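There are 2 protein chains.
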Amino acid sequence: MTKHPIELVIKKADTAIVQEDFNTLIDIYSADAVLVVKPGMNATGKVQIRKAFEAIATHFNHTLHVEQAGMKILEAGDTALVIAKTVVSASNMPATERSAIYVFKKIANGDWLCQIDNSYGHELLLGEKP
Amino acid sequence: MTKHPIELVIKKADTAIVQEDFNTLIDIYSADAVLVVKPGMNATGKVQIRKAFEAIATHFNHTLHVEQAGMKILEAGDTALVIAKTVVSASNMPATERSAIYVFKKIANGDWLCQIDNSYGHELLLGEKP
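If you're matching them up, the sequences are chains Z and F in order. If you read the first sequence in the working numbering, its first letter stands for residue 1, the second for the next number, and so on. If you read the second sequence in the working numbering, its first letter stands for residue 1, the second for the next number, and so on.
Mixed in with the good hints, there may be bad ones.
All copies of an identical chain are treated as equivalent in the list; a pair is satisfied when it fits inside any one copy or across any two copies.
[Said to hold, decoys possible] Result set (DSSO-like, lysine-lysine): computed pairs, CA atoms no more than 30 Å apart in a straight line: (1) K106 to K72; (2) K12 to K72; (3) K106 to K11.
To be clear, the hints were calculated from the coordinates, so they are not data collected in a lab. Please read all numbers here as calculations on a predicted model, not as lab measurements.
Let the hints inform the model, and build the full structure from the sequences given.
Below you can see the structure in the form of structure tokens.
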């Protein structure tokens, strides 16, 4: 089965995270993208997102590994919702599966850019009052 | 705390579903919106979405009730990701909490429209092979 172009972008992002290739990584995000760094802390725009990934790399002793263990893409016009099982691990963190949520936008040249990157999914609601 | 405008739109949608006011309900969706009717079945565009809601209302003996029990909104440019605990019930279905995911888009006049409506969240991945 042909892969959705967004799957390839996510694969590229995961490889860039592992290789700490932040130039490639940041190209995948739109100018006003939001990254959930951890619940309660967001980074907005390429400068903040790059700094966040640099800090994350240091926090995990430059051993962070990210891969997808299942993915579903819902496309509507120039917007796509990605529902994924994302597995993260590092020398100081056992493999952890997250129910991640990503939103992508298709730009004029047909490329898909990440607009919202929330690898924590519904964990953001923990501790929230209804 | 002031409510995010999207919270008000979702409240309006929930009320419209309960009242089977499909004209109001369909106004909340963009022209190319996608609704997950159930895992494996999507409706695209206002005509299909309206038909789906009419069928859902009949399926639940016109007793469907929908409400939100927690919500987090991540805004990035003209796109917003909504992570919600959505509780659905009906005379023939006990109250069921779903980890719902909605994507909204801001249009030129500042209104937010629903672009992707996936009340099943990560349930779409059940049974999927990695």
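Now for the hints, and whether the structure bears them out:
no.	hint	verdict
1	K106 to K72	both (17 Å within a copy, 24 Å between copies)
2	K12 to K72	both (17 Å within a copy, 28 Å between copies)
3	K106 to K11	both (17 Å within a copy, 29 Å between copies)
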